[in-house]
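Chains as they are written, first to last, in the working numbering: chain A, 124 to 238; chain B, 16 to 130.
Take the hints with a grain of salt, since some may be wrong.
To be verified - Only part of the chain B face toward chain A is listed, based on derived beta-carbon distances under 7 Å:
no.: 1; residue: Gly78
no.: 2; residue: Lys118
no.: 3; residue: Val129
no.: 4; residue: Leu130
To be verified - Here are some chain A residues the structure puts well away from chain B; computed CB gaps all over 10 Å:
no.: 5; residue: Ser132
no.: 6; residue: Glu138
no.: 7; residue: Ala140
no.: 8; residue: Ser149
no.: 9; residue: Ser151
no.: 10; residue: Val152
no.: 11; residue: Lys172
no.: 12; residue: Ala177
no.: 13; residue: Glu189
no.: 14; residue: Lys191
no.: 15; residue: Ser193
no.: 16; residue: Glu194
no.: 17; residue: Gly225
no.: 18; residue: Lys230
Source of the hints: derived by calculation from the structure; they are not laboratory data. Quick caveat: nothing in here was measured; it's all calculated off a predicted structure. For each residue, glycine too, the CB sits at the ideal point set by N, CA and C.
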Amino acid sequence: AQSVTQLGSHVSVSEGALVLLRCNYSSSVPPYLFWYVQYPNQGLQLLLKYTSAATLVKGINGFEAEFKKSETSFHLTKPSAHMSDAAEYFCAVSEWGGGADGLTFGKGTHLIIQP
Amino acid sequence: DVKVTQSSRYLVKRTGEKVFLECVQDMDHENMFWYRQDPGLGLRLIYFSYDVKMKEKGDIPEGYSVSREKKERFSLILESASTNQTSMYLCASTPPPGTGGEKLFFGSGTQLSVL
Chain A
124 AQSVTQLGSH VSVSEGALVL LRCNYSSSVP PYLFWYVQYP NQGLQLLLKY TSAATLVKGI
184 NGFEAEFKKS ETSFHLTKPS AHMSDAAEYF CAVSEWGGGA DGLTFGKGTH LIIQP
Chain B
16 DVKVTQSSRY LVKRTGEKVF LECVQDMDHE NMFWYRQDPG LGLRLIYFSY DVKMKEKGDI
76 PEGYSVSREK KERFSLILES ASTNQTSMYL CASTPPPGTG GEKLFFGSGT QLSVL
């Protein structure tokens, strides 16, 4: 069975600092991996996805994530945090591309940006 | 853009009531999903459907049922609401794998309070 672990339920960084949100996964087959973001009072929207092409994936709003098979990790980074990045971030995994059986989500990391 | 619409943003019900949560998508997607979102627990899959009149249990189906009579509409039913079903409910849809099916499109959510 697949699973996702997000390290840190809350992460606080200063505006302009590096953002690093950690995600480790467990999967019996090569996985599809995703990062979703949820802004206050909104649904989830896709930030980026890994589907076995390039291991470094670039997403929207300056975010990127690197798939590291040896570490079973898919950490999300952004070089310089902006106040508008404050949100809840979810890492998710699927063994079948999410099409038929949905995704398994981590518990989420709340990103706080300090002015 | 794909639109996934959940009929109510906020809902307050009493213990023992039968509750219907409605979700409609406008892009002829095959697959639809119901998740619940709780602080510290992330998103958990309740039920999903990959075709009209088809349904599959997710990770936490107990106390819920679903209905998919038309392709665009997927209803979540709480037969007898209980206080532990107070939660944010998120509907999502996706086309089949290979046609962008790895990306889920989410509705804005329904915050259900059971008193």
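Do the hints match the structure? See the list:
no.: 1; hint: Gly78; result: violated (19 Å)
no.: 2; hint: Lys118; result: holds (5 Å)
no.: 3; hint: Val129; result: violated (20 Å)
no.: 4; hint: Leu130; result: violated (22 Å)
no.: 5; hint: Ser132; result: violated (6 Å)
no.: 6; hint: Glu138; result: holds (25 Å)
no.: 7; hint: Ala140; result: holds (25 Å)
no.: 8; hint: Ser149; result: holds (15 Å)
no.: 9; hint: Ser151; result: holds (17 Å)
no.: 10; hint: Val152; result: holds (14 Å)
no.: 11; hint: Lys172; result: violated (6 Å)
no.: 12; hint: Ala177; result: holds (15 Å)
no.: 13; hint: Glu189; result: holds (18 Å)
no.: 14; hint: Lys191; result: holds (20 Å)
no.: 15; hint: Ser193; result: holds (23 Å)
no.: 16; hint: Glu194; result: holds (21 Å)
no.: 17; hint: Gly225; result: violated (5 Å)
no.: 18; hint: Lys230; result: violated (4 Å)
Of the numbered hints stated above, those contradicted by the structure are hints 1, 3, 4, 5, 11, 17, 18, listed in ascending order.
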